[in-house]
Each structure stands twice: as structure tokens, then as C-alpha cells.
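A.B. asks: As they're listed, the protein sequences go chains A and B. Start counting at 1 in the first sequence, then tack on 334, and there's your number in the numbering used here. Start counting at 1 in the second sequence, then tack on 69, and there's your number in the numbering used here.
Calculated from the structure, these hints are not laboratory results. Incorrect hints may appear among the rest.
Far from chain B by the CB rule (all over 12 Å, computed), these chain A residues [as the list claims (entries may be wrong)]:
1. Y340
2. V346
3. Q366
4. Y382
5. G394
6. A405
7. A409
8. L412
9. S417
10. K426
11. A456
12. E460
13. A462
14. D477
15. I493
One side only, chain B facing chain A, incomplete, derived with CB under 7 Å [to be verified]:
16. R131
17. N134
18. I141
19. A142
The C-beta atom is built at its ideal place from N, Cα and C for all residues, glycine as well.
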Amino acid sequence: MNVAVYIIIGVVVVLLIIFLAIYNGLVRRRNQVKNSWAQIDVQLKRRYDLIPNLVETAKGYMKHERETLEAVTNARNLAQQLSSAGAGERAKAEGELSSVLSRLLAVVENYPDLKANQNFLALQEELASTENKISFSRQFYNDSVLKYNNQTQMFPSNIVASMTGFKASEFFEVTLAAEREAPKVSFT
Amino acid sequence: MGALLILIGYFLGLYFFDSAIVGLVIAILVWAVLSLIGYFQSDSILLRMSRAKKIKRDDHPRLYNVVEEMKIASGLEKMPDIYIIDDPALNAFATGRDPKRASVAITSGLLQKLNRDELQGVIAHEISHVKNRDVLLMSMCSILLGTIVILAWYGSRIMIFGSMTGSRRSSSSGGGGQAQIIILVVSLVFMILAPIMAQLIYFAISRKREYLADASAALYTRYPEGLASALKKLGTSTGQLKSANKATAPMYIVNPFRKKGMKASDLSSTHPPISERIRILRAMAGASFNDYDQAYSKVHGGKGVMPAASIAAGTVPLATVKLEGGAGEPNEIQRARETSDVMWRLSNYNTITCDCGAKLRVPPKFKEPVIKCPHCGRTHQV
């Protein structure tokens, strides 16, 4: 009689410990997802700040590229407006911005004076690096989302997840025109 | 290796104190003291020994950016400190006992030689040493190795000289004497073999961690070719790093003591041969650990090298197109100038660029208010 009670208590305690461990694991993963989303946001904001400076510096040299420069400015403003929108819509605007930017940086090759400008070179390095940081933080975010989603959907953690209201997260997919096809840069 | 340490303590105790426990206690005490010193001091000792100079963002924005990119890709919580070692040899290392206080160091020679993608690969390799906690693992292993070597060295010397000067123990009783001699011989053989065995184990661990760091670097950058072509440049140079020594060797990206044409299956090296690392990286079909494992078995034959738990099924696509391309990237001469500017500045020299194109390096002790350009004769304010 007594033995049975002890066994039941023991099983309940073990189950409780397992439950708590899984719960904490889920919380950790969810926080990592949130954290890495914030990382992307930091880099995207940095890009909004860099672009006006770059356009301003390039304007004096690139008389014949008014359209490209305007396209960059417009895409930047649109992306900034959509920065509070959902992940899907935002990703589209940011992807557009990335592709006009890479077009601009490809055109720069035709302007040797601009390429000799120290200020511009520093800005270009910053912008190129910010582009990299955006794609690396996106990569890390997507990895975190994958791990988190796996945990919310796989047995046995999915039981804990559905009981305590953990929902799967959305991936940050950017389909860049520039990523699908290699940019054609001519060095003539 | 831990077992080797315990055995050595056991024999030492048995021989000197007639009690294995005392020997064990001594061995573990020596190890604990060395470990504590190593745990709290190893990174600052290493950086000081290599005479590395810490840089800030403005000193070298590109290097800083590349490190930050890899910090983001690896999900490291804190930005590591960046150091430059003023040495024409090509090498880099990472240090720091936990990911929160990590440092990355790179020689000025390597900084000049590598383009952005290659630099990214090297930094990714170093950051993954931090992320995988290899620095802590390897320093603990090397301390264990050091303890074994010290104990075996002193133990065997004392035993040899002790037995030559008419040992006091073996004469005490007839039957006991024979047992003493057996213990003496076994202990002596063990004292000689233990350091060698420990060293081999240590090298094997080190090489395994190098493969893991290469795989992680490919995963972070999604571009194994960057690291592969950096390794190629590293492999063709034979300049040895002046400030490296045996204890710090496993921290570097390539073995600082390597000689030309080292054999492929070298058991006595902290690093796998460079040519093999390049072949594996170039054979990768994707960027995941799984892809690295497959590439390893393809190049090496037999089983893979990655720890089974870390292999998730499936592959991760490689980055095929680099967004910014080669546009605006400095070439090797520009990089060399840039790096030497940084090194002069880090030694507190003031650089003045004259209108004629000459660069004047003004030493920190220069007291005059103006300086004349030796090339064209213009005067400059200091």
C-alpha cells in the first residue's frame, strides 16, 4: 500500500522535472529567436542610416545615374515605412532594396574618381559589411527558428508546447533577384 | 589522458611513499594548481607572449567588420577583442576560456595577404574555436599533458639516481626487494611511455578539433572556398612565427612549426595537413556538418570525422553569389599599405601624408613643432 503511494509520488515528481526541463528549453529557444530577430532589425536600421550618406557622396560623381540613385532612395524609404509590417511584407521590401543597392555598387565600377574617394570607399565597406551582416543575422535567425519549430512540433516537447501555448515562428525568407541570377558586371 | 595522470600518480606514490594514495594526491594537486593558473591566465599569457596589439574599430574597419559578421553568423553573445601581431608570418589564433571573453588575433602578414572572403573564412575558423569551446578544452588538455610530462620527468630522474646510490628500500628485506625491483622497472617503463602516449592523444584531440572548426567555418560563411583559398595561401608560405612556442601551437589556424612537405598521416602534429583540409573543403557539396562529413570520407576514405550528435540530416546550400562581388575591394598592395599604416599607428607614430605623395612617419618622441618633407621640402605641422 505504502510502496504504491511512494512509487506514484516518485513518477509524478520525475514527470514534473521532465516537464520543467522541456519548458525551460522551449523558453530558451524562443528567446533566441526573438534575440536574433532583433539582430536583423539592428542591421536593417543601420542600412537605412548609411544609404543617404552614400547617395549624397555618390551624387556629385554620378551625373548619369540619377535613376539608379533615385531607385535606391525610394526603395530605402519604402523599406523604412514597412519596417513595422509583418515579416513577409518586410522581407520583400528589403529584398528589393538589396537588389537596387547591388546594382548601384556594380555601376560604381564605371566611375574611377568615385572609387578613389576615401570617404566613399569607407561608406562602401560599411554598406557591403552591413549587407553581409543582414544575411548572416538572417541565416542565424532562420537556424534558430528551425530549431525552435522542430522543438514545438516533435514528440515529446510538442505536448508541453501545445499545453503552454508555444507557437511556431515564421522564417525570414528573402528572394533576391540578385541571388537568383548572378549580376552581370562588365569591366569594359 | 586523465587515466594516464592517475596511473603515473599511482606508481610514483607506490615507489616513493609505499602508498599509492599519496602519489595520487600529489599528482592531482599539481594538476589542479596548473589548471587554475591556466584557466584564469591562459588568454592574457598567450596574447602577451605573442606581443599582440589590440585594435579598435577605426584602426582597421574591414577586419573589425569581418569579425562582427562572423560573430553574428555564429550567434556569439559578445564581440571578441581583436588583436594584430606584427609578424610577416601567416597565422591567426583565438583565445578566451569562454565565449563571453574571447579574443581573435591575426598576424599583419596574413592581414595583407588575404582578400575579404578569405579573411572571413579564417576569422570564421577562429570564432568557431571560441564557439566550440576548443580554447578551454585544448588548454586543459595541454595542462594535463604538462603535468604528466613534469611528473614523469622528475619521477624517472629521481628513480634512476636513487637506485644508483644504493637504494635504501630494497635492502630492507629479501622478499620485499624483488617486488620493489619489479615495481621500479614497471614504473620506469611507464614514466618513459606516459608522456609519449599523452602527447599522441593530445595531438589526436587537437586535429579533431581543427576539422570541427573547419566544418563550422564553412557552415557560418556558407562559403568553404573562402577558407580553402586562405589555407592555400597559408600553406605555400614557410615563414615560422617568431613568437609561437610548443604550448601555444594548437591555438593557431595552421601549425606554426610546420615544415615543407609534411606527410599526410602525421601522428605527431597538432594540425591536419593543409592540403587535406583544402581538399575536404573543396569537396563539400553543401555547407552543413553532414556535407563536411561526407567530403571527409570521400577524401580520406573510411568513416567521417564529425561528432555524431552534431550531424543533422540534410544539407545547407552554399552561397553561390557574393552580393558585393569584388567591387571596391583593395588589392594586395593597398592592403599592405593599409596594414602598415595600422601598425605604425599602433606604435604611436603619427603619419603625415605630404602633397608630393610621400608619407612621413613621425615617432612619438619627436618634439619639433614642424617637420620638413625629405622628398620635396614642404614643411608640415606636427
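A.B. asks: Compare the structure with each hint and give your call.
C.D. replies: Evaluated hints:
Against the 12 Å criterion, Y340/A stays outside the reach of chain B, whose nearest CB is about 35 Å from its own CB. Distance check on V346/A: its Cβ is at least 31 Å (rounded) from any Cβ of chain B, clearing the 12 Å threshold; non-interface status holds. Distance check for Q366/A against chain B: the nearest CB is about 8 Å away, which does not clear 12 Å, and the non-interface claim fails. No Cβ of chain B approaches the Cβ of Y382/A within 12 Å, the least distance being about 18 Å, so the stated non-interface status holds.
With a closest Cβ-Cβ approach of about 17 Å to chain B, G394/A is found to remain outside the 12 Å limit, as its non-interface label requires. Interface exclusion of A405/A from chain B stands, the closest Cβ pair being 17 Å apart, more than 12 Å. Remark: the non-interface label on A409/A is consistent with the geometry, its nearest Cβ contact in chain B lying 15 Å away (cut-off 12 Å). Look at L412/A: its CB is around 20 Å from the nearest CB on chain B, clear of 12 Å, so calling it non-interface holds up.
With a minimum CB-CB distance of about 19 Å to chain B, S417/A clears the 12 Å threshold, and the non-interface call stands. For K426/A, the shortest C-beta to C-beta distance to chain B comes to about 17 Å, beyond the 12 Å cut-off, and the non-interface label holds. With a least CB separation of 7 Å from chain B, A456/A falls inside the 12 Å interface cut-off, contrary to its annotation. At roughly 7 Å, the least C-beta separation between E460/A and chain B is not larger than 12 Å, which violates its mark as non-interface.
A beta-carbon of chain B is positioned within 12 Å of the beta-carbon of A462/A; the least distance is around 4 Å. The claim that D477/A is not at the interface with chain B is violated, since a C-beta of that chain comes within 12 Å of its own (minimum 8 Å). With a minimum CB-CB distance of about 23 Å to chain B, I493/A clears the 12 Å threshold, and the non-interface call stands. For the restraint placing R131/B at the interface with chain A, the shortest Cβ-Cβ distance is roughly 6 Å, inside the 7 Å limit, so the hint holds.
About 4 Å separates the beta-carbon of N134/B from the nearest beta-carbon of chain A, less than 7 Å, and the hint is met. Among the interface hints, the one on I141/B holds; its C-beta lies about 5 Å from the nearest C-beta in chain A, closer than the 7 Å criterion. With a cut of 7 Å, the hint placing A142/B at the interface with chain A holds, because the nearest CB-to-CB distance is about 4 Å.
Hints 3, 11, 12, 13, 14 from the earlier list are contradicted by this structure; the remaining hints agree with it.
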